[in-house]
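Please work from the sequences and hints to get the whole structure.
Taken in order, these protein sequences are the chains called A and B.
Residues 2 to 280 (my numbering) make up the first sequence, in order.
Residues 609 to 910 (my numbering) make up the second sequence, in order.
No wet-lab data here; the hints were simulated from the structure.
Just so you know, not all the hints are guaranteed correct.
What the hints assert, rightly or not - Below, computed lysine-lysine pairings styled on DSSO-like, alpha-carbon distance capped at 27 Å:
hint : chain 1 : residue 1 : chain 2 : residue 2
1    : A       : Lys170    : B       : Lys618
2    : B       : Lys814    : A       : Lys6
3    : B       : Lys755    : A       : Lys39
4    : A       : Lys6      : B       : Lys795
Note that this is a predicted model, so its numbers are computed, not measured.
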Amino acid sequence: MKAKKNIYTVCYHVFVVLFGLLMIYPVIWMILSSFKMKSEILGNNAPFFPTEWVFENYPNGWKGAGEYSFATYFKNSIVISVLATVGTVVSSAMVAYALARVKFKGRKFWFTCMIMTMLLPGQVLMIPQYIIWNNLHMVGTFVPMILPKFLGVPFFIYMMMQFIKGLPKELDEAAMIDGCNRYQIFSKIVLPLLGPSIITTVVIQFYWVWDDYMGPLLYLTKPGLYTVSFAIKNFADVQGTNFGPMFAMSTLSLIPVFLLFLFFNRYLMDGVTAGSVKG
Amino acid sequence: MKESRKASLKAFLNNDNTVGYIFAAPFIIGFCGLTLIPMALSLYYSFCDYKIGGNALWIGLQNYLNLFKDATFGNSIMVTLQYVLIGVPLKLVFALFIAMLLTRPTRLQGIYRAVYYIPSLIGGSVAVALVWKQLFGSRGPIVSFIKSMGVTGFNFFGSTTWAFIPLVLCNAWQFGSSMLIFASGLKQIPMDYYEAAEIDGAGAVKRFFKITLPCLSPIILFNLLMQLISGFMTFTQAQIITNGGPNHATEYVSLFIFTEGFSYGHMGYACAASWIILIIMAVTTGIIFKTSKTWVFYEADE
Numbered sequence: 002m003k004a005k006k007n008i009y010t011v012c013y014h015v016f017v018v019l020f021g022l023l024m025i026y027p028v029i030w031m032i033l034s035s036f037k038m039k040s041e042i043l044g045n046n047a048p049f050f051p052t053e054w055v056f057e058n059y060p061n062g063w064k065g066a067g068e069y070s071f072a073t074y075f076k077n078s079i080v081i082s083v084l085a086t087v088g089t090v091v092s093s094a095m096v097a098y099a100l101a102r103v104k105f106k107g108r109k110f111w112f113t114c115m116i117m118t119m120l121l122p123g124q125v126l127m128i129p130q131y132i133i134w135n136n137l138h139m140v141g142t143f144v145p146m147i148l149p150k151f152l153g154v155p156f157f158i159y160m161m162m163q164f165i166k167g168l169p170k171e172l173d174e175a176a177m178i179d180g181c182n183r184y185q186i187f188s189k190i191v192l193p194l195l196g197p198s199i200i201t202t203v204v205i206q207f208y209w210v211w212d213d214y215m216g217p218l219l220y221l222t223k224p225g226l227y228t229v230s231f232a233i234k235n236f237a238d239v240q241g242t243n244f245g246p247m248f249a250m251s252t253l254s255l256i257p258v259f260l261l262f263l264f265f266n267r268y269l270m271d272g273v274t275a276g277s278v279k280g
Numbered sequence: 609m610k611e612s613r614k615a616s617l618k619a620f621l622n623n624d625n626t627v628g629y630i631f632a633a634p635f636i637i638g639f640c641g642l643t644l645i646p647m648a649l650s651l652y653y654s655f656c657d658y659k660i661g662g663n664a665l666w667i668g669l670q671n672y673l674n675l676f677k678d679a680t681f682g683n684s685i686m687v688t689l690q691y692v693l694i695g696v697p698l699k700l701v702f703a704l705f706i707a708m709l710l711t712r713p714t715r716l717q718g719i720y721r722a723v724y725y726i727p728s729l730i731g732g733s734v735a736v737a738l739v740w741k742q743l744f745g746s747r748g749p750i751v752s753f754i755k756s757m758g759v760t761g762f763n764f765f766g767s768t769t770w771a772f773i774p775l776v777l778c779n780a781w782q783f784g785s786s787m788l789i790f791a792s793g794l795k796q797i798p799m800d801y802y803e804a805a806e807i808d809g810a811g812a813v814k815r816f817f818k819i820t821l822p823c824l825s826p827i828i829l830f831n832l833l834m835q836l837i838s839g840f841m842t843f844t845q846a847q848i849i850t851n852g853g854p855n856h857a858t859e860y861v862s863l864f865i866f867t868e869g870f871s872y873g874h875m876g877y878a879c880a881a882s883w884i885i886l887i888i889m890a891v892t893t894g895i896i897f898k899t900s901k902t903w904v905f906y907e908a909d910e
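Structure follows, in structure tokens:
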């Protein structure tokens, strides 16, 4: 009986590992390709591992295709992602607190608006929003990519609301008796307790902004403003069939996302599920 | 006098309505500026002939009438439906399968979940789209593998029939967030249900259909709606991997809007298309909500 169970366990692990490898095969293929010579990347006889490890793809790719190197693109991506993420956390936490804890007139109405905005796909508004930014002469700046994030992001508002609802109300009441006003309750009690939810927001929003393609496509009209993810698309178009540097820069572009995931993996797994299932 | 004014200011600032509106202000401003006004503008321009920088010329229903006659638009709705009807169920089945596979409590569970989540972490990125284009390209490893099995002349991106397959797979590959949501739903199903069913002699298949699926049905509904909306509006992958081709075979609706609006400058026409698509999506989600009463099972005490 025990032997049978052991065999079953081994089979299970072998299957999960093999299937997992199949799932991340595209990622492995990308990383290995970034170390290959041009002739080994594609074609019928392309080897899985590079026969000779080549590192030139990285410096060659880093130089970029035009007058800017990837240093500029990384700098742009970091500026936009950091500011947008900070904006998302601050504004979403505020709005979530109001909608989850403060009984003000019109709360139900604004909550409905928030849910509707969450369900409304951004692509539907892409044209009128562009027209507005264009009339404000903001096309060709970072503003359209950053400012909206300071105005609350519904997905994260909803997630934080679920979290705040889970906090015991007695905490608020105790603080109130101790003489705290609502603003102090928010900054001294709710905000610190929101920790795990904030980490989830930071990780998810950072990589959403980092990977964003449509925003840069519409608003970053000058090469000096390009983000990494937008720059590699143009880089790939210019490079043609010279895929090595393109794979090298693709790999680099994913590293910040990987690092964040590595450090905050545990919180992320709990946070994603906690927010969505309660309601 | 001064004291009482100070006190009334304090009372005003701590009033529930003031506090609520101060904290909700970012969203209210954003909702008006980024959603409400754009939607009103979009509705207005959908009745106009409008180009960026030009004057909006009122043309009534002409844009809508033209859209109904536009074969490219009809085609883009059809290919989007094809993508959604095949892609979304595939992704959900896949997510549920992996979630059930990984419910087994082992010491490696955390690592397994992390590895299976990696595709979702990066799947929406430009980098992966570029990799996908080569992976499924005519000289890439997948086609090479198909060739090695004896099929000649096969090419995903050259074929109007098969070009959507890599896009569907790229979407299904990002099953991670649905998987996590399913996993936490599975955790909440009481074990006694399964034990009782086992004593009654129900097999694994029967247990799955009679216990797991009904208990998960609220979560299935949630995942279904979220995936439908994002599937309907798929943009990045289609733009980079196939750019709508070959011969409009993967020109999904968001790509159609983008091309009409920004490549041809037909802003009014693109706004009208957005509204038709929004109505189609609203009707679809409405129908799913209505029918959900018959297949979603809520616990009585909730």
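Here's how the hints hold up against the structure:
Distance hint between lysine 170/A and lysine 618/B is fulfilled; the C-alpha atoms sit about 23 Å from each other, no more than 27 Å. Distance restraint check for lysine 814/B and lysine 6/A: the Cα-Cα separation of roughly 23 Å lies within the 27 Å cut-off, and the hinted pair is therefore satisfied. For the given pair, lysine 755/B sits about 21 Å from lysine 39/A by alpha-carbon distance, which is consistent with the 27 Å threshold. Between the alpha carbons of lysine 6/A and lysine 795/B the distance comes to roughly 23 Å, so the proposed pair stays at or under 27 Å and holds.
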